[in-house]
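As given, the protein sequences belong to chains B and G, one line each in that order. For the first sequence, counting from 1, position 137 maps to 166 in this note's numbering; every step adds exactly one. For the second sequence, counting from 1, position 177 maps to 253 in this note's numbering; every step adds exactly one.
It should be emphasised that the hints constitute simulated quantities derived from the structure, not laboratory data. Computed from a prediction, not measured in an experiment: that's the story for all the values here. Here a beta-carbon is modelled for each residue, glycine too, at the ideal position from N, C-alpha and C. Mixed in with the good hints there might be a few duds.
Label-pair distances were calculated between CB atoms; the ranges are [unchecked claim]:
| no. | chain 1 | residue 1 | chain 2 | residue 2 | range |
| --- | --- | --- | --- | --- | --- |
| 1 | G | SER423 | B | VAL285 | 52 to 62 Å |
| 2 | B | LEU255 | G | VAL260 | 31 to 41 Å |
| 3 | B | VAL221 | G | LEU162 | 56 to 66 Å |
| 4 | G | TYR376 | B | ALA318 | 28 to 38 Å |
| 5 | G | GLY316 | B | VAL289 | 34 to 44 Å |
| 6 | B | ALA318 | G | ALA317 | 28 to 38 Å |
| 7 | G | PRO378 | B | GLY215 | 33 to 43 Å |
| 8 | B | VAL221 | G | LEU386 | 32 to 42 Å |
| 9 | G | GLU173 | B | VAL289 | 50 to 60 Å |
| 10 | B | TYR231 | G | PRO424 | 18 to 28 Å |
From the structure, some residues in chain B lie toward chain G, with a derived Cβ separation under 10 Å [as the list claims (entries may be wrong)]:
| no. | residue |
| --- | --- |
| 11 | PHE103 |
| 12 | ALA220 |
| 13 | GLY224 |
| 14 | VAL285 |
With the C-beta cut set under 8 Å, the calculated list includes, among others, these residues of chain B facing chain G [unchecked claim]:
| no. | residue |
| --- | --- |
| 15 | GLY132 |
| 16 | ALA140 |
| 17 | LEU213 |
| 18 | LEU255 |
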Amino acid sequence: MSRAGGAGVRGDRVSRADGAGVRRDRVSAVRVAPRTALVLILASLAAAVTFAWPLFTPVRPESTARTGEAPLIFLVLLPVLVALVLAELTSGGIDSKALAMLGVLAAVNAALRPLGAGTAGIETVFFLLVLAGRVFGPGFGFLLGSTSLFASALLTAGVGPWLPFQMLAASWIGLGAGLLPSRLRGRAETAVLAGYGLFAAYGYGLLMNLWFWPFGTGADTQLSYLPGAPLTENLHRFAVFTAVTSTFGWDTGRAVTTAVAIVVVGPAVLVALRRAARRAAFDAPVTFAAAPAGGPDPVRRPTVDGPGPGRRSAGFPPSTGA
Amino acid sequence: MSGPTVARSPAVTRARLPRVLHPGAWWWWALGLATAASRTGNPLLLALLVAAAALVVTRRRGDAPWALAFRMYLLLGAVVVATRVLFRVVLGGGQGEHVLLRLPEIPLPAWAAGIRLFGPVAVEQVLGGLYDGLRLATMLVCLGAANALANPKRLLKAVPGALYAVGTAVVVALSVAPQLVESVQRVRRARRLRGAGGRRMRLLHGVALPVLADALDRSLALAAAMDSRGYGRTAAVPAGARALTGALVLAGLVGVCAGTYGLLDATSPGYLGLPMLVTGLVTAVAGMLLAGRRVHRSRYRPDRWRLPELLVAGCGVLAAGLTTLAVDVHPVLLHPPVSPPTWPELSPLTVAAVAVAVVPAWLAPPPPSAPAAVAHPSVPVGGPR
Numbered sequence: 030m031s032r033a034g035g036a037g038v039r040g041d042r043v044s045r046a047d048g049a050g051v052r053r054d055r056v057s058a059v060r061v062a063p064r065t066a067l068v069l070i071l072a073s074l075a076a077a078v079t080f081a082w083p084l085f086t087p088v089r090p091e092s093t094a095r096t097g098e099a100p101l102i103f104l105v106l107l108p109v110l111v112a113l114v115l116a117e118l119t120s121g122g123i124d125s126k127a128l129a130m131l132g133v134l135a136a137v138n139a140a141l142r143p144l145g146a147g148t149a150g151i152e153t154v155f156f157l158l159v160l161a162g163r164v165f166g167p168g169f170g171f172l173l174g175s176t177s178l179f180a181s182a183l184l185t186a187g188v189g190p191w192l193p194f195q196m197l198a199a200s201w202i203g204l205g206a207g208l209l210p211s212r213l214r215g216r217a218e219t220a221v222l223a224g225y226g227l228f229a230a231y232g233y234g235l236l237m238n239l240w241f242w243p244f245g246t247g248a249d250t251q252l253s254y255l256p257g258a259p260l261t262e263n264l265h266r267f268a269v270f271t272a273v274t275s276t277f278g279w280d281t282g283r284a285v286t287t288a289v290a291i292v293v294v295g296p297a298v299l300v301a302l303r304r305a306a307r308r309a310a311f312d313a314p315v316t317f318a319a320a321p322a323g324g325p326d327p328v329r330r331p332t333v334d335g336p337g338p339g340r341r342s343a344g345f346p347p348s349t350g351a
Numbered sequence: 077m078s079g080p081t082v083a084r085s086p087a088v089t090r091a092r093l094p095r096v097l098h099p100g101a102w103w104w105w106a107l108g109l110a111t112a113a114s115r116t117g118n119p120l121l122l123a124l125l126v127a128a129a130a131l132v133v134t135r136r137r138g139d140a141p142w143a144l145a146f147r148m149y150l151l152l153g154a155v156v157v158a159t160r161v162l163f164r165v166v167l168g169g170g171q172g173e174h175v176l177l178r179l180p181e182i183p184l185p186a187w188a189a190g191i192r193l194f195g196p197v198a199v200e201q202v203l204g205g206l207y208d209g210l211r212l213a214t215m216l217v218c219l220g221a222a223n224a225l226a227n228p229k230r231l232l233k234a235v236p237g238a239l240y241a242v243g244t245a246v247v248v249a250l251s252v253a254p255q256l257v258e259s260v261q262r263v264r265r266a267r268r269l270r271g272a273g274g275r276r277m278r279l280l281h282g283v284a285l286p287v288l289a290d291a292l293d294r295s296l297a298l299a300a301a302m303d304s305r306g307y308g309r310t311a312a313v314p315a316g317a318r319a320l321t322g323a324l325v326l327a328g329l330v331g332v333c334a335g336t337y338g339l340l341d342a343t344s345p346g347y348l349g350l351p352m353l354v355t356g357l358v359t360a361v362a363g364m365l366l367a368g369r370r371v372h373r374s375r376y377r378p379d380r381w382r383l384p385e386l387l388v389a390g391c392g393v394l395a396a397g398l399t400t401l402a403v404d405v406h407p408v409l410l411h412p413p414v415s416p417p418t419w420p421e422l423s424p425l426t427v428a429a430v431a432v433a434v435v436p437a438w439l440a441p442p443p444p445s446a447p448a449a450v451a452h453p454s455v456p457v458g459g460p461r
């Protein structure tokens, strides 16, 4: 825990050093403008319906005739919504440091995912997503959720209709982690993050069940959704379906793994992530200054205002496979 | 998987040379097949569609890792069919006249929605679950075919300009993931040289965290390299244009929200449902594409839509169209009645649809088979002659 405390002190120093009159308790690697936030909220509202439509389907003659097609409409709708939000989040021009960090963390997540795939309920994706969302902010957390699951789907060749739903649910988890109260440090922070990890893991399982419910059961079993039935009736059926199929197995395993991972490695990982965030100096404005006459390096190159000595030492490798 | 027909023929035309087809063409074809499958519950037609997809995959897939995933999708489809039927048997409620067997009933208490497990199992019930599951499984297998045939890395190159940044992040992720293995090996070698033991918690702090720190450092180095090459830079966009695209996206999303509400609310007028949803979606996507068009980026060796691409995509669309037409002409043939259960039949139109769907097995150019061509998929005409 002493290491986490150290991170807190360093984090505060960052906030004092680079804040040009701006109160900043944590970095925000991807800026979320008000317009972007509005797009995010509207798209999330519509996307929530693509998860939860079985709870609200009306009984209407032409609608019941189309029940076979209603899921397909939402299957087409959701990928477009996800693409819209991702495009909007990156429309202002994403910093190349944030882009590289996004890619590398998504790679780590994608590499972590198969570790748990063979064992029932062990899910190793979410703890890093929660921690990274916490350190790098809500916008970055949202992007990381999407890119992690997309990259892992490509690596293990699991692209299917479920992918946009998984991407969005994971993105919401990363977003929520970025929105947690920012003052907390030390043990309290670890406890809050672990609690959030538990909540997020169960929530993810619930959302995925909600999505799979109409496809898994078909239209006319006793656990299927009932068009036109009151909300409570459908909720009851869904609760039984999810309890029977996954809550006590997969979901609990996922929640426990996530919380334990956050408690055990969380403080150390937070230190590493905050160190990287400090070195990257995301919010520092980039200015171009003339090189001193007769200096060793006559080429003009950008310098970073604020604490970023490590940035220059990062070096320029010949090719890093971008 | 090397096209022997091409190697034998002395007068190979350029279109028949082994090369990687544009991934978008395979996705159009597969989505067309999936649409065709979604229109029908006829098990014979669905089985024929699966067979068509499987034949095209076996003839035209390369030997990249994603090409081997088709088997997984077949397995997944089987699981979907099995769960559907199982759900019908366990929770079906026993509708139907032709009872196959009677299982003992287990009534559950009221908190479990008062459902009853098992009970009589009717043919109609099982067949309904089977047809339903088969339809879903066929759509999955069609998507699996696209996964096996299309190169995801090349597909990422073709994403619209507005998604360029996200596409780049995913490309970075795909390239960095193999390097993590090398990073783990390096850290472990360094630990062994220092004579460190391998207890579990030590392993975590001694290996996992250095690997993470290494990856984060790598990302900063990568960002510097990308900066120096001009990645992640955006052109100045006039304020008016930004406002226009923003307004389009926002108005479109409001339309989408209203449309989904209208679709699910029985009392709302009809125009508030699907038409509103589609209008909103088109508006928002137009705004997104408009935003992407303002940024000009050159592409290295872009995939082009040549004749084989158009033909393959056309086959998928035509198969979907023929099936839709067949549904309109003979609704009974495509949704075989389950009560009383009858043998499903095929009509000439549906057979034509399947025939069209399978044509890409010969129309598409064979994939390049040499390992070098897989490692560098941008080589357009590789492969042995």
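Comparing the hints with the structure gives:
1. Range check, G/SER423 to B/VAL285: Cβ separation about 54 Å, and the 52 to 62 Å hint holds.
2. About 51 Å separates the C-beta atoms of B/LEU255 and G/VAL260, a value inconsistent with the hinted range of 31 to 41 Å.
3. Checked against the given bound of 56 to 66 Å, the beta carbons of B/VAL221 and G/LEU162, roughly 41 Å apart, lie outside it.
4. Look at G/TYR376 against B/ALA318: about 33 Å separates their beta carbons, and that is inside 28 to 38 Å.
5. Judged by the Cβ atoms, the range 34 to 44 Å given for G/GLY316 and B/VAL289 is violated: they are separated by roughly 53 Å.
6. Range check, B/ALA318 to G/ALA317: Cβ separation about 31 Å, and the 28 to 38 Å hint holds.
7. A C-beta distance of roughly 52 Å is found between G/PRO378 and B/GLY215, which places it outside the suggested range of 33 to 43 Å.
8. The beta-carbon spacing between B/VAL221 and G/LEU386, approximately 55 Å, falls outside the hinted interval of 32 to 42 Å.
9. Range check, G/GLU173 to B/VAL289: about 54 Å between beta-carbon atoms, so the 50 to 60 Å window is met.
10. About 53 Å separates the C-beta atoms of B/TYR231 and G/PRO424, a value inconsistent with the hinted range of 18 to 28 Å.
11. Interface restraint check: B/PHE103 against chain G, minimum CB-CB distance 8 Å, threshold 10 Å, status holds.
12. The beta carbon of B/ALA220 comes no nearer than 20 Å to any beta carbon in chain G, farther than 10 Å, and the hint placing it at the interface is violated.
13. For the restraint placing B/GLY224 at the interface with chain G, the shortest Cβ-Cβ distance is roughly 22 Å, beyond the 10 Å limit, so the hint is violated.
14. The restraint placing B/VAL285 at the interface with chain G is violated, with a minimum CB-CB distance near 17 Å, outside the 10 Å limit.
15. With a cut of 8 Å, the hint placing B/GLY132 at the interface with chain G holds, because the nearest CB-to-CB distance is about 3 Å.
16. Proximity of B/ALA140 to chain G holds as hinted, the smallest CB-CB distance being about 5 Å (cut-off 8 Å).
17. The criterion of a C-beta within 8 Å of any C-beta in chain G is not met by B/LEU213, whose closest approach is roughly 22 Å, and the hint is violated.
18. A least Cβ separation of about 10 Å between B/LEU255 and chain G goes past the 8 Å threshold, and the interface hint is therefore violated.
Checked against the numbered hints given earlier, the structure breaks hints 2, 3, 5, 7, 8, 10, 12, 13, 14, 17, 18 and satisfies all the rest.
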